[in-house]
Amino acid sequence: MNQAGFPLLSLLTFLPLAGVVVLFFLRGDEESVARAARWTALWTSLIVFVLSLVLWFDFDKSFAGFQFQEVMSWLPQYGVSYRMGVDGISVLFVLISTALTPIAILSAWKQGGARAREYMIAFLVLETTMIGIFSALDFMLFFVFFEAVLIPMFVIIGVWGGERRRYAAIKFFLFMFAGSMLMLLGLIALWVHDGTTSIPDMLRMPLPPHMQFWLFLAFFAAFAVKIPIWPVHTWLIDAHNEAPIAGSVLLAGVLANMGGYGFLRFSVALLPQASQYFAPFMFTLAVVAIIYTSIAALVQRDLLKFCAYSSVGHMAIAVVGIFTFSVQGIEGSLFRMLSHGFITAALFICVGVLMDRTRSQSMDGFGGLARNMPFYALLFMIFAMGTVGLPGTAGFIGEILVIVAALKVNFWLSLLTGTTLILSAIYTLVMYRKVIFGGLERPELKVLADIGPREIVMLVPLVILTIWMGIYPSSFSTFFDATANAMAQAHTVALAGTPAHLASAAGTLAPSSVPAGGAN
Amino acid sequence: MIFAIAVFAPLFGSLIAGLFGPWLKDQGAQFVSILGMLIAAVCGVISGVHLLSGAGHPTTIAIAEWLHVGGFQVDWALRYDSLSAVMVLMVTVVATLIHIYSIGYMHGDRSVPRFFSYLSLFTFAMLMLVTANDLVQLFFGWEGVGLVSYLLIGFWYEKPSANAAAIKAFVMNRVGDLGFALGIGLVFFLFGSVRFPDIFAAVSAQSHAVYHLFGTDLHALDVIGILLFIGAMGKSAQIGLHPWLADAMEGPTPVSALIHAATMVTAGVFLMVRMSPLLEYAPVALAVVGVIGGTTALFAATIGCVQTDIKRIIAYSTCSQLGYMFVAVSVGAYQASIFHLITHACFKALLFLTAGSVIHAMSGEQDIRKMGGLAKLIPYTYVMMWIGSLALAGIPPLSGYFSKDAIVNAAFMGHGGGYAWFCVAAAAFLTAFYSGRLLLLTFHGKPRGDDHVMSHVHESPLVMTGPLFLLALGAIFVGGVFAHDFIGADQAKFWNGAISAINHPSILLDIDKTPFLIEILPTVLAVLGFVLSYVMYVAKPELPAMLATRFAPIYRLLLNKYYFDELYDVIFVKPYHAIARAIWHVGDEDIIDGIPRGGAGLARFSAGGVGRLQSGSLAQYAFVMLIGLVVLITVFLIFR
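If you read the protein sequences in the order shown, they are chains A and B.
1 is the number of the first residue of the first sequence in our numbering; add one for each residue after it.
1 is the number of the first residue of the second sequence in our numbering; add one for each residue after it.
Careful: at least some of the hints might be erroneous.
Simulated crosslink set (DMTMM-like; lysine to aspartate or glutamate; CA at most 25 Å straight-line) [said to hold, decoys possible]: (1) B:Lys159 / A:Asp364; (2) A:Lys434 / B:Glu65; (3) A:Lys434 / B:Asp569; (4) A:Lys61 / B:Glu65; (5) B:Lys513 / B:Asp490; (6) B:Lys159 / A:Asp29; (7) A:Lys446 / B:Asp593; (8) A:Lys305 / B:Glu519.
Because the hints were derived from the structure by calculation, they are not lab data.
Construct the entire structure; sequences and hints are all you get.
The following block contains the structure:
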């Protein structure tokens, strides 16, 4: 069947649901149900994580195509099948999903209150959909997971969030759903054209340029909102501000990556000409996002909003990398997405540590914590440096690769992308000074304890990951190499098939009868 | 192998002292980190002498692969050639002395383990920088020293001024780093590699390559040279990116001596020298280096003449001396540049540490207007500071004379007496003047401090005076003893191919052909500078105040450091904050969030008659998004 010898990806995807079933049957008083629910959820996610390590060890790094494939017929008359599999660009996203879920569950340990069971169910369902997204190899199946992920996240924000949780949850849902609807249109158009929704099959069928043009816009709507890119990023600020920390961990760590993954898997791979055509447009949005959100991050007083703005700026760098279509750019964006995943997640957990102790999320309420929380200050510093992209941390690898790749496209693109070096340093250091440095004067802060065992268990693995990826990124890049090379090559080949000059390419790309003035 | 131990011993010392600090206590942490440094220094000296004496061969020690993506191949490796061996030797020895000095200076501080951990970590990062075999590892060390510099400037994190200075240092360095990063990108674009051997081998083949920028075809190697130099300007505090260095004096004095005088700030010079094979083909870049370096040398020296904070005077002096080193680079006298870097490390570290002794003796006072009359109270420190100052001013036969004269003469011969030569010659006069002023105001005349402070003035303990003595030996002898190897007849054998001056083959020989009057000029100017300081601060002490009122605008300009901080505040800092607030409130909250809100309202209004659709608001959102997209795309297609 595949190199695991059993349907590994399906097992990973649906095992969390088995945990959900167990949770339904828990009986007893509120207190014991809550405790049992937490432990059940934690163990389920840990088992899933351990099982997912098979991917780490058995993945064939020299093979560019899909691995661990599983195929079952689903709606054969429509060319729709249940097809799972991973390749170099998706395999580590599956792993980061399985790795971050237990950490998210741990960070939700003291929350949930009377409905801790439902809270845990939401996280396990979320894990199922996240893994499903990254391992689905059928567009229809992908779409199902892509939509399903909204439900648990909507519930997590809307039920366990902060004061304006309903507003944030609905905003989140509407932005997402609007994007998805357009993608659904694109999916239907693709299906009509290809007669199948199998991604490996679709990759073999080139699409006419004018169709690519519209499909790109449709996909753009879905993925740009997820990543999110300027100017559709505002939902994220509210979502992070209101979501519980565990929700933010997965929102930043995994859900944002779905957008980047979508761009790579669908936009770049399926729509090479349109991607090339729209690349300047994507660069423009991404560069605006980098500068705009990095500047906005400086004046945030709210730590959660601060993390959210920095998150948008970081993901925009990944977008630049993707649309350079070079090996360095693609791998750089993958590094950027993964490192953003766990570094931003860690920053949210760091904020959560403070919120657990003080119920406050305003920078102005802190200061001088280095005195009584030195270990916390050290860990926070490492993550802050990861955000800044200091060499030796994971953040640097993606940044330098994207800057190098961007320079091959255009000097100014590289320069503007590179402003993140300066801007991220400004906002991160100012935030760190406000929270950690300065005098320890407030009496309520003097009694705060340094981080405890549960928090150490959450944060130390992320520190190790940050430094590991920073000083020995080859452990990760070997997963990408074959697939990224193949993608970059396929892109060149696909472009070689069309007229080389951009002027004539634009002529063939833009549909001849455009109602809304798309033709020039 | 020994070379590798020299590089990694400080890392282990740092990790143990830092992570186990609470258990090791002060003494344990000091012991561990100094042990690491001693091992590093012994290994650094052995491996350095081995190679530089001609017994060893240049080689590269591979450690592990770092990042291999397509052609972008970067490895962890230690480059063992004359240039890196000299730097490793200097860094390990100076750092060890400063570690030892810090035992006394930081005694009684609340966070001794943290301090020693940072110092050792800094040393490690600096060693990674100088031993890099490719631009990216160099960048790793470069950013590593920047981080530790940030942490050490802000070491006393309860002081708001220290925090502000730390952030300023990091951010200004990052502005330069953007240039550096783009330089790396362009090197990769042009050479397909970022490894030094690959670049140097291909550089002559690329000497006519062009790069299209600003609507014209520029000489690609010049562009690379200038981008890398922008990085060097940040790290080495050259004019424009210099204000952080004076503020960095907020850190403990041993930090100023190690990081902001002897090692980190010279990283920019090191980068330029390391890239000498490339810069030789980048004449425009070298000209830029010369103008900036010369300007900084003179500009910083003028500021140094009126400052009153003992450490800031020395900081501006450092800034000025770094300008000298860049001037040497610009005429192809890379060897002289490194020579001055080494001698400067000795005498400037000595000056900072003696300043630390003075501050220690004066119970933390740093204003030289409140000192005076200390010569009899702390005679040992007094003598040491004289040695450092004379070496700095380039009085023969101290170290500074050999290296500084070489640079001034090379500037004259290289540029035919142009702008850079004028700047460094004039700066030689000012250097002696501000050094004399510093000494006279601090140690001579009547005590101006209050009685309580003056009664506590005492000589420092042996752990502090011992390193001073060794550095003083360096400040006296290094120049005379090693001039022959660094820039003299034996230089080719000494450098063993580590430096390329292929298009400036005779610059070092030309130094000896400098016309006699030009050759003695810097020394004469230095003596005159000391004489003038004597006249102004001993013979006629009313003169400075008179001059300050007579030339009030100039005095205020210098006292306020040419208003760079104020200017940057108006041009960058304030607008940046204003833009940030505008983006957040107007851009995000009003406009971007306003569009869907307004659009939804509009749609609800127009769809009012249609009745209640189940997914009404969803459709509206989709509709608005689609409209927005179409508008965006249209605008893009029309205006692209």
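Verification of the supplied hints:
no. : hint                : verdict
1   : B:Lys159 / A:Asp364 : holds (17 Å)
2   : A:Lys434 / B:Glu65  : violated (38 Å)
3   : A:Lys434 / B:Asp569 : holds (20 Å)
4   : A:Lys61 / B:Glu65   : holds (17 Å)
5   : B:Lys513 / B:Asp490 : holds (18 Å)
6   : B:Lys159 / A:Asp29  : violated (53 Å)
7   : A:Lys446 / B:Asp593 : violated (40 Å)
8   : A:Lys305 / B:Glu519 : violated (63 Å)
Of the numbered hints given earlier, the model fails hints 2, 6, 7, 8; all others are met.
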